[in-house]
Amino acid sequence: MSTDIRFPRSTSETGRIAPKYNRHGGGAKGGFEMAAWLFMRLSGIVLVVLIFGHLFVNLMLGDGVHAIDFGFVAGKWASPFWQWWDLAMLWLAMLHGTNGVRTIVNDYAERDGVRFWLLVVLYAAAIAIVILGTLVIFTFNPCPTVNGVPLPGSFCPKP
Amino acid sequence: MSASTVEPASKVELPASVGGGGEIPTFDITLRVRRYNPEVSEESHWDEYQLTMYGTDRVLDALHKVKWELDGSLSFRRSCAHGVCGSDAMRINGRNRLACKTLLKDLDTSKPITVEPIKGLPVEKDLIVDMEPFFQSYREIMPFLISKGHAPTKERLQSAEDRERFDDTTKCILCAACTSSCPVFWTDGQYFGPAAIVNAHRFIFDSRDDAGDMRLEILNDKEGVWRCRTVFNCTEACPRGIQVTKAISEVKQAILARQF
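Order-wise, the sequence lines are chains A and B. Those letters in the first sequence? Residues 1 to 159, per the numbering used here, in order. Those letters in the second sequence? Residues 1 to 260, per the numbering used here, in order.
Bound-form chain A, shown alone (with noise of 0.2 Å):
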């Protein structure tokens, strides 16, 4: 005959351990974890170049600092080079940085409401500067002419 002996407090009465330890998704499939670290990794290793580059070419070429205006930065855009360079960039940085964040988000946020309602935030605010970022990239036009009269700017063509 057996003695019946009961489960320590803390275990749920069902299952032998407390439910919150259960690990939900039934063996979800981590392939998008494996991706993300991945990308984490190696979109890294291409922002130091990128990032580094950029404030090189910014800061320290011809004259450096002072040379930042309007203008330069219209004559950077007008090279489809540097067009696709801060584009790389702008992507990247803020893909790396929504998916540090969501990494953050998913450790510490203790409640899943809330855990939810910060992912969407984030992810809103990610999607409409990554928007607007590619948007200001490909349609800047430092010359715009507006109702028919051309704004000022030393740089743009005399009409």
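Keep in mind the hints are simulated off the structure, nothing from the lab. Keep in mind it's a predicted model, so treat the numbers as computed, not measured.
List of simulated lysine-lysine pairs, DSSO-like, C-alpha gap at most 30 Å:
hint	chain 1	residue 1	chain 2	residue 2
1	B	Lys246	A	Lys20
2	A	Lys20	B	Lys222
3	B	Lys105	B	Lys67
Using C-beta positions, here's what the derived DEER-type ranges look like:
hint	chain 1	residue 1	chain 2	residue 2	range
4	A	Leu135	B	Arg208	57 to 65 Å
5	B	Asp106	A	Gly100	36 to 44 Å
6	A	Ile131	B	Arg208	48 to 56 Å
7	A	Gly100	B	Ser249	14 to 22 Å
8	B	Asp210	A	Phe138	49 to 57 Å
C-beta: ideal position from N, C-alpha, C; glycine also.
Given the coordinates of chain A, work out where chain B should sit on it, guided by the hints.
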């Protein structure tokens, strides 16, 4: 009850310079222990004990002195008391250690020495936590040899180099000091935890084992190795000196190597 007999005088002559046990320096300590008894109160509280201890004593000896001489209701786990069984992992002065491997003289005895249960697991009483979630993760990674084909009639031979590959992770004593020092485990208890990954590593890199792929697949879970943020708390906490974070990184690399 029984008449006490006088101890016969020793026949061995010891010079005065050798002396006896009384020559070990003593000092006074204050032991602050986190107490919890759900049958009395849902709240936990601190109890302080003033003790005179010897220079050779460990935190476990101080706990024994409390339990045996001052307050028999104090509860804690210990079995071998020599750093092998892994029963008495606890949070001493804010760090996860084995009470039986921490000498009092190595701690700051001028301040109270705090002793708490390890974090992230449900406390049952005083310093005793429910280890079941910890062992659940351990069981899930299948911590036993799985080999295909017929069992050999002799032992399974392995070269010294192949054995060396996973030597570090064979040292685990399942004390849970690493898992309960991990901030990712603290948040929701979903993460497999360093100890389960270390014990998976021990078989994944064993040349005699054939189920490495299965274990890698299990740890490729969204609560698996990718939740490791390389905080290094586990490596710092391990009383056996296992390079835990390194082992986790090697499992990550093995999963990646399998994909590409």
